[in-house]
Amino acid sequence: MPCYLNINQSFMNHQSAYKIIVPVRFKKSDRWAIAKSITMANQMQAIIHVVYVVRTKTIFRYHPYQYKEEFALAKKNLIAIKQHYEPQLCKGASIEISILHGNYLHELSAYIKLYKMDIMLIGLSSQYIWSIFRPLLSIHRICRHVHIPLLAIKSNGLAHHFKKIVLPLYMHLSMRQLRLAALLARSFKSTVYLISVRQTGINASVTTKLCQESLEILQSLTTVPVQVLLLEGKYIAKATMHFAKKINADLIMIHAAKEFCMPGWWNKLTNKLIAYVSSIPVLSLSKDSTE
Amino acid sequence: MVTVIIPALNEEKTIAAVVKFSYSRSIVNEVIVVDDNSEDATLLRASAAGAKIISSQIRGKGISMKEGVAAARNECIVFLDGDIDPYPDTTIERLAQPILRGEADFVKGTFNRNAGRVTELVAKPLLSIFFPGIAAFKQPLGGMICGRKSLLTHVHFSNDYGVDISLLLDMYLMKANIKEVDIGGHIENKSKTWEALGPMSREVSKAIISKAFPLASSPQHISALQSIEQINRGLQEGLRAHLEHRRLAVFDMDNTILQGHFIDACAQRFGFTAHLQEIREDEKDPIIRTKRIALLLKNLTMDQLLNVVHGIEMVKDIKQVIKELQQRNYITGIITHSYSLIANYVMNNTGMDFCIAHQLEFFEGKATGEVNTPSCFFADPGSLCGHGFCKTNVLQYLCESYQVSPEGCMAIADGFEDRCMIGHAGKGIAFCTKDELLKKIAWKHLEEKSFLPLVSWADAVQ
Chain A
1 MPCYLNINQS
11 FMNHQSAYKI
21 IVPVRFKKSD
31 RWAIAKSITM
41 ANQMQAIIHV
51 VYVVRTKTIF
61 RYHPYQYKEE
71 FALAKKNLIA
81 IKQHYEPQLC
91 KGASIEISIL
101 HGNYLHELSA
111 YIKLYKMDIM
121 LIGLSSQYIW
131 SIFRPLLSIH
141 RICRHVHIPL
151 LAIKSNGLAH
161 HFKKIVLPLY
171 MHLSMRQLRL
181 AALLARSFKS
191 TVYLISVRQT
201 GINASVTTKL
211 CQESLEILQS
221 LTTVPVQVLL
231 LEGKYIAKAT
241 MHFAKKINAD
251 LIMIHAAKEF
261 CMPGWWNKLT
271 NKLIAYVSSI
281 PVLSLSKDST
291 E
Chain B
1001 MVTVIIPALN
1011 EEKTIAAVVK
1021 FSYSRSIVNE
1031 VIVVDDNSED
1041 ATLLRASAAG
1051 AKIISSQIRG
1061 KGISMKEGVA
1071 AARNECIVFL
1081 DGDIDPYPDT
1091 TIERLAQPIL
1101 RGEADFVKGT
1111 FNRNAGRVTE
1121 LVAKPLLSIF
1131 FPGIAAFKQP
1141 LGGMICGRKS
1151 LLTHVHFSND
1161 YGVDISLLLD
1171 MYLMKANIKE
1181 VDIGGHIENK
1191 SKTWEALGPM
1201 SREVSKAIIS
1211 KAFPLASSPQ
1221 HISALQSIEQ
1231 INRGLQEGLR
1241 AHLEHRRLAV
1251 FDMDNTILQG
1261 HFIDACAQRF
1271 GFTAHLQEIR
1281 EDEKDPIIRT
1291 KRIALLLKNL
1301 TMDQLLNVVH
1311 GIEMVKDIKQ
1321 VIKELQQRNY
1331 ITGIITHSYS
1341 LIANYVMNNT
1351 GMDFCIAHQL
1361 EFFEGKATGE
1371 VNTPSCFFAD
1381 PGSLCGHGFC
1391 KTNVLQYLCE
1401 SYQVSPEGCM
1411 AIADGFEDRC
1421 MIGHAGKGIA
1431 FCTKDELLKK
1441 IAWKHLEEKS
1451 FLPLVSWADA
1461 VQ
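If you read the sequences in order, they're chains A and B. Counting with the working numbering, you get residues 1 to 291 for the letters of the first sequence. Counting with the working numbering, you get residues 1001 to 1462 for the letters of the second sequence.
Isolated chain A (complex conformation) (with noise of 0.2 Å):
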C-alpha cells in the first residue's frame, strides 16, 4: 500500500507559496540538490519538500523488519537533514521532509500532483554512466512522469543566482518555457538569451518567426532584459553547451527531448540530454506538458 507519511505538515499556512521537491537517496549528489533549493527557496519563499521514496521490494514480503528499518533510517536522515539545513533558510522559506513508499516514479508524480509542487530539484552524479545502469534517475523518464519542470545540479552547478538564462528554441514555440524564464529572469533579474541554429531553406524562416515570437512574448510577459542570437552549427545541444559556456551561462533551460540530445547515435539511444555532460545547471521539462 503506497504511503505518504509527512513528518511535518504545514502546507495548509502555505498556500500560496512556490514549492521545491527534491528527492534524496542519502548520496553526495543530494546535497548539491538541497543546496540549490535552499538558494531558490530563500530568492522565492519557497517551501522546500525533501522526499525520500522506500521502494517496494519483494524481500519486504518476507522480511517486513527490514522495511520497518529502511523506514526508520530514512526518518532519521531526513530529520537530520532537515535540523542541518533549516538554519540556512530566510523568512519566508521553509523545509518540509515526507517519506514515500511505493514505486518511485509512481509516488513521485502523485506527490507532486497532491501537493501542487512547482519544481524539482536533483543532483546528478559527475558520471554519467551511472544514469545508465540507474532508469530512475534518467531526467527524460522522470520529465515524462512527473510533468513539471526539473533541474539537474552537478557538483560544480552551484551558482547561488541565475544571471544568465540561455534558453534554445528549436522547431515549436513552447509557452511554459517562455512563462518559466520570464518568472524565473524577474525573480534573479537575470537576462535570458534566446538562441537557436541558423538553417537553411524553409526551416530558415521558421526558426526567425520562432525567435522573434518569442522575444515578443517574453517581452510581453515581463520587463527583463532579453537577447536574441541565432548560432552557427548544426546541432543545437551542442551549440547550446558551446553558447552557455562561453557566456559563463547560469541556467540552460531545455525540453527533455530527443533534439537536445548530444550528437552521436549512442548518445541519442541513451537519452543523453545536455544536463548529463553540462556543468551549468539544466532545467528540463517534458514535450508532452509543454502547453
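A few of these clues could be false.
With a Cα cut of at most 25 Å, we get these calculated DSS-like pairs of lysine-lysine [to be verified]:
hint, chain 1, residue 1, chain 2, residue 2
1, A, Lys68, B, Lys1206
2, A, Lys113, B, Lys1124
3, A, Lys82, A, Lys163
4, B, Lys1439, A, Lys209
5, B, Lys1444, B, Lys1319
6, A, Lys68, A, Lys91
7, A, Lys116, A, Lys91
8, B, Lys1434, B, Lys1449
9, A, Lys91, A, Lys27
10, B, Lys1444, A, Lys209
11, A, Lys163, A, Lys19
12, A, Lys238, A, Lys209
13, A, Lys75, B, Lys1211
14, A, Lys75, B, Lys1206
15, B, Lys1366, B, Lys1298
16, B, Lys1319, B, Lys1366
17, B, Lys1179, B, Lys1291
18, A, Lys234, A, Lys268
19, B, Lys1149, B, Lys1175
20, A, Lys116, B, Lys1444
21, B, Lys1449, B, Lys1316
22, B, Lys1206, A, Lys76
23, B, Lys1434, A, Lys209
24, A, Lys76, A, Lys19
25, B, Lys1179, B, Lys1124
26, B, Lys1449, A, Lys209
27, A, Lys82, B, Lys1439
28, A, Lys68, B, Lys1211
29, B, Lys1316, B, Lys1366
30, B, Lys1291, B, Lys1323
31, A, Lys82, A, Lys113
32, B, Lys1020, B, Lys1124
33, B, Lys1179, B, Lys1052
34, A, Lys82, A, Lys116
35, A, Lys189, A, Lys246
36, B, Lys1124, B, Lys1052
Calculated directly from the structure, the hints in this document are not laboratory data.
Position chain B against the provided structure of chain A, taking the given hints into account.
Showing chain B alone in chain A's frame:
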C-alpha cells in the same frame, strides 16, 4: 450514595450553581470541588455553596480528577464539569443509576450538542481502527462520567486533553462493563478555539495510539500508521478541495463584454475621432495616453456617457455565463482601462462582483477631464511582470485580496495590451482577437462572440 467531583479552574460564575444542583439530588451526599489554582473567586464560591474543597498542587484536569477520587467517600463517583449551568435535572441520577443498580462499572454521559470537531475528525476514525468496540460511542471525549472508585483508583489519569478518552480506554482494556447514557436535554458546550484544536488533536490521538500500542514498535505499527496517513490524506484532500474553492474570472470590457469600444463610440457620437486617433498614434506612454484621452471627455455629462454605453450591445450570453460561473464559486469582475462609471454600469447589468477601472472625475454632473488611476494598476517590487502600468498588477492585487492563487484565475480579453495578463493568469482566454500572438499566449481562443464555452472550461481551473 454518590460523590460528585467537580474539577474547576476559574469558574466563579457557574461553580456555586453546579454545587447547589448536585446537593439538590437526593442520592448525593458529598460534593468535592478540586480547584486547579484558580485566579478568581472559584474557591470561595464553591466553599460557600457547601462543597468540600481540595486545592490541587499541580495544574491539569487529570491530576485534579485523581485527587478527587482519592478523597471520595463513596464507591460511586460522578464527574461533572464546573462550567455548565444549568444541567438537565436528572443528570446525576441517569449517570449513577446503572452503577448503583449493578448494571455497569463505568458510565459515559451524552447530550445534545454541536458535533465536536476533534471527536469527529480525530477520535472516532482512530477508535474505529484500533478499538472498534467503542467506536460507536457518541461522545467518547465527553467529561460527564460516572465510575466505581475501586476501578478508578487503578487507572492512569493523563494530565492533558487525552484524559477522558484515556479513562474510557483503560476501562475498556480492564474489561469493565461500560455504558453510554443520554442525560437528556441540550447543553451549550463551549467550542474550543482554532488554536486549541491542534494540541487537543495531538493529545487525543497520542492517548489512543499509546493505548493501542503498549509495546511501541510492532510490525502492526507501520501498517496502522499507513492507515492513519490514508485518513489524513483523505482529510487533507477534502479540506483543500473545500478551502480552495474560490476562483477568479476577470473580463476585459471593451470588445469583450461590450461588442465595441466605449471611447470609439464616444468619439463617433461627439466628433473627436480624429483627435483620438492622433493621441493613439503619438502617445506611447500608456498613463499619459489615458490622461489625454480622458481630457476629450471634458464637459460631457454622466447621462451622455451612459447613453453611449447603453447603445453598445453586450455579448448576449454574458449574464447567463456570469451566473453559471458564480454558481461554480467564481468571483467575477472587470479589469479595464476604461472608466469606472462605464465599468460599474456593465458590472451592474451583468451581475458581476467587482470592477477595476480608471476614475473619471465629475463636477456638477459633468466630466472635468481629469482621471485618477487606481494604485493597483502600478507595479510594486513584488510585481509578477515588472511592467510599470499593467493589468497583471491588478490581477495580482485581486489574487491577494481574494486569497486566490494566480493558477485559480481565468482571464478573458482581446487586445494586444492584454497579452501580459492573459499570459500570467492560470487560464488565459483570447476572445475574438485579431492579435495572433495573443492567441499563442492564451490557453484557449474563442472565435465566436459567445462566452458559453467558459462554463465547460471553468472546472479546468485549479
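Hint numbers not upheld by this structure, sorted from lowest to highest: 2, 3, 6, 9, 16, 17, 26, 27, 29, 30, 32, 33 and 36
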